[in-house]
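Novice: Residues per chain are reported as follows:
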Amino acid sequence: MTPATLIVAGLANGSIYALVALALVLIYKTQDVINFGQGEILMVGGFVGYSVLEYTHVPYPLALLAAVVAGGALGAAIERTALRRVAEQHHITLAMVTVGFSVLIKGVARLPFGSDIYTFPAVLSSAPVSIAGAEMSPQSLITVAVALVVALLLFLFFRLTPAGKQMQATQQNLTGARIVGINPGRVFSMTWALAAAIGALTGVLAAPLALLYPDMGSDFLLKGFAAAVLGGLESVPGAMVGGFIVGIIEMLFGGYISTSAQQISSFIVIIAVLLIRPYGLFGRRPVHRV
Amino acid sequence: MRGKSSGAGVLFALAVAAGASFAAAVVRAEPGIANDTIRIGMFGPLTGPVSMYGYPINNGAFAVYKQINDLGGINGRKIEVVMEDDACDPAKARAAAKKLVDNDNVFMVHGGSCSAAAYAARSEFIRARVPNVIMAATDDKISAPVNRYIFTTTLTGSQDGHTMLRFAKSNRAFKRLAVVRHDDDWALSRMNAIREDLKAGGIELVADEVLNRGASDATAQVLKIKESKPDAIFIIAYPAESAVFVRDARKYTLAGTMIGSAGMMDIMDMAQRAGGADVAEGVYTNAFLRAPIDNPDMQPYADLVRKYFPDTRLQTLNFNGMSGAYAIIAALKAIGPNPTREAFIDALDKLKDVDGGPGYCKINLTPDDHQGCHDAHMWMIKDGKVIVVGPTWPGAK
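These protein sequence lines map, in sequence, to chains A and B. Quick note, my numbering runs 269 ahead of the 1-based positions in the first sequence. Quick note, my numbering runs 73 ahead of the 1-based positions in the second sequence.
Bear in mind the hints are in silico, worked out from the structure with no lab data behind them. Yeah, the Cβ is synthetic: ideal placement off N, Cα and C, and Gly gets one too.
So the derived label-pair ranges between C-beta atoms look like this: (1) B:269 to A:331: 51 to 61 Å; (2) A:407 to B:441: 53 to 63 Å; (3) B:278 to A:441: 52 to 62 Å; (4) A:351 to B:384: 34 to 44 Å; (5) A:331 to B:386: 23 to 33 Å; (6) A:327 to B:376: 35 to 45 Å; (7) B:268 to A:401: 32 to 42 Å.
Covered, in the sense of this in silico footprint (three residues per stretch, anywhere, with C-beta under 8 Å from a C-beta of chain B), are these stretches of chain A: (8) 273–280; (9) 397–406; (10) 477–484; (11) 524–538.
Residues from chain A that face chain B, not an exhaustive set, calculated with beta carbons under 10 Å: (12) 383; (13) 386; (14) 391; (15) 489.
The task is simple: from the sequences and hints, build the whole structure.
Specialist: Here's what the structure looks like:
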């Protein structure tokens, strides 16, 4: 067993966790709330992509686009119809709203799809390719590549576009953003749409690897949350690095220590890291001006 | 005066007689039994994450009851079914059992497709002395040690494990065995039986790897098993995780014959999830049904499901609870026109070689053994189709 194969497999899984973490971080930075429905948004993306592929037989990129658009619309709708109304309430209230949406979305998905497990076709054949002695499926390769491209695009979006700058300004200082004429409601909607679009994209990438069913999102949410905490909860690069680390740790733990503890391995390491760096790898200690 | 007193005496005697016969009738009335119906309770995961084991399984058994009703019922009584949801949750299962027993007054219960839920409901049936024939749950501890009120006609976990190892041992070339499994009670009941049989020698366990429920990747498990160079690999996992393992086993060119537990019986469905029939070519699975659903032997039972549940998508699960329904019908017929629960239990205890319909087993129950099915056989995917292999390796003596 080569460590390279395990690390590469860990990177593929880790890129899914990283994208989930990225979406969680975006919303957390804007509204100080963890979106407990992010796993279900991922699931919605998977099912939209699957349905478009299955019933319209369009090329894969179009199915991916449809899922991203649907995810974005769902995110904006959640923000506009529910979160906006309780935006000034305690964070726990906001978190409970996202829990409610998590349950609701899962329940609605069961109406047409039941609890059956669906197979999302892989974009490319399952025959592995060998890279530097490590075996990797083309699907995994695409997943890693897309995760890196999304992170890069997000970086450019925040740096180069007015919308990105408005979102950053709102995240940094809500009152200040209001004073300079930024509409926070619009920024919140954009953030939710962006995070949900990333979630839906993640669903289309994850579905061929993980199979497709209404409950598929829970495990990804948990791992994505772990990745976000490890990275620092407010750091976009931290989310990416955290995701890759979680993916690699669980693979190496399963390969060299025990498969029975594989699922909890990443959490053990995260607890250890947080004991040393309580604000995560890329997080900063909050400064309170007096 | 005398006449008056005599008339009053007669009236009094008639009243006493009427009261006595009414009281006797009340005493005799058996819960769930009316002049023209027998009420049977069912429960299972009708909602929730594992609801795929709910209606598909229950409706298969229900179809058998509907057919018997159309043929005139049992001793003039038609079977009425009351269905409750346990959502595969032990607490909800106990509530469902209580409702069936105390509110619905069912005669007996044919239900329990989730092991944890069926085990939780068990104590309610024993308390109320209501017979429960397990629908499809496989955990051994539900039906053993023997309790007078609990029966099963499905292949239990330990029997699943025993028959898997028997099959592997029938190929004398198999010396090294690897196992990939979940770490829950469902998988342990099979694994414990396998470990017990391995003591007899002949095959060595070279790897025992855990694949967690909900796993979407089996790279670590496949690579560790590959290092152990097994001749045969047992897959003791639910269908989705089995598909993940088979997919990754092919991806990393894992050698060795893969043999699934009965949890993988819907093997073509598993193959599709793994990437297609060619991915699962040469993979075996233990099976407690007599044949795959497209086999002519299964036609009468498939027709039954299609007739009474025309909107249902026919799948292997539809047949999982039918053998219990045939056993229940056989016992009800045996006890004649005045059924009681105790007589019904006595009749179940005497069932011998009852045809389990689509089930591979003949049902045999005794007061000392309430697990009615001890046998299974193997299916495999060959040339893109599911074929019946038999209880031992092809050509083995």
